[in-house]
Amino acid sequence: MIARRPALSALFKRREASTGYILLGIAFVLFFVVNTTTVILRNFADPAPGKAFWIMSAILWAIALLATRELATAVPRSSTAARIRDVAVPVLFGVTLLALWELVVRGLNVPPVLLPPPSAIATTIAASAHLLRADFVQTVLKAVLAGYAIGCGAGFLTALLVDRSPFLKRGLLPIGNLVSALPIIGVAPIMVMWFGFDWPSKAAVVVVMTFFPMLVNTVAGLNASSAMERDLMRTYGASHGQTLMKLRLPAALPFIFNALKINATLALIGAIVAEFFGTPIVGMGFRISAEIGRMNTPMVWAEIAMAALVGSLSYGLVALIERRATFWHPSIRHG
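For the sequence shown, the working numbering gives the first residue as 9, with consecutive numbering after it.
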């Protein structure tokens, strides 16, 4: 019995997965989920779904979930396979959730006004691509990018000044915490009155929301280096600028990128909410407010989907740059 234990453990040992194995698994899950969902809706949902509909839906959910779990627990043979797996698993899980959403909404005959199925949202996205593109340009390319750049840049430069002044460090940072707690629904109308109805007022809201997270994180990062390291730089005769560039700013990079990631989502939320309080007849926030008044729920969900996609991509882009810029940090090397 003792001699057989290694054989038994080897039998249940998880096999290593090549890139081809992972790609084949991805293709299988996508094909299975999409086609099985179509078959279930075509043959079991009309006119009124019965037990067969829910049994088939449960089987689909179980098989797709198990297949995704198998991919998630596979041990990649190469770094390429690992990267593909890390991206594919959440995507496949999301596709499975969308299929479940479609089946439940169709099976329970949920009114589209309350919750439209993903297929209706996809149809709306395809039919209203020109409106979504115009809203994206107005909200993201104008208000969000301008406010994000100004707010993060101003917060970073102010942090460099605050670091040199104990007076500002004791006086400005508490005010920053106070301003960060201001409700956006109170700030947005004031910015609209100051800067007008077009995108500059939304950019101003984004500046207010992104300035202080960058300020606080950068100040904390500049103090992240140890006293021994700073003493060593003074021993070498390094000036303040040399110490800043060669020691303190590199040590502060994880804090700075943390603020950039936080602000990547805050900026989009701030711009969309600000558009509720006055804007030209374009913009993601305007479209959500207008279409919800018309009970056009699929269009509202289309805007929500676009906002979620933009926010996720912007966060992911900053995280990717962080991995390249702070490859030396333990959180990156061991993560």
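I should point out that these hints are in silico values taken from the structure, not numbers from a laboratory. Ideal Cβ placement from N, Cα and C applies to all residues, glycine included. Honestly, I wouldn't trust all of these hints.
What the hints assert, rightly or not - Estimated spans, in silico, between C-beta atoms of each pair: (1) F175 - L328: 37 to 43 Å; (2) L328 - I158: 43 to 49 Å; (3) L122 - E78: 45 to 51 Å; (4) V187 - R141: 32 to 38 Å; (5) A259 - L123: 20 to 26 Å.
Claimed, not checked - Cut-off 30 Å, straight-line C-alpha distance, at most; resulting in silico cross-link-like pairs (DSSO-like, lysine-lysine): (6) K177 - K59; (7) K269 - K254; (8) K254 - K177; (9) K150 - K269.
**Message:** Are any of the numbered hints broken by this structure? If so, which, sorted upward?
**Reply:** Hints 2, 3, 5, 6 not satisfied by this model.
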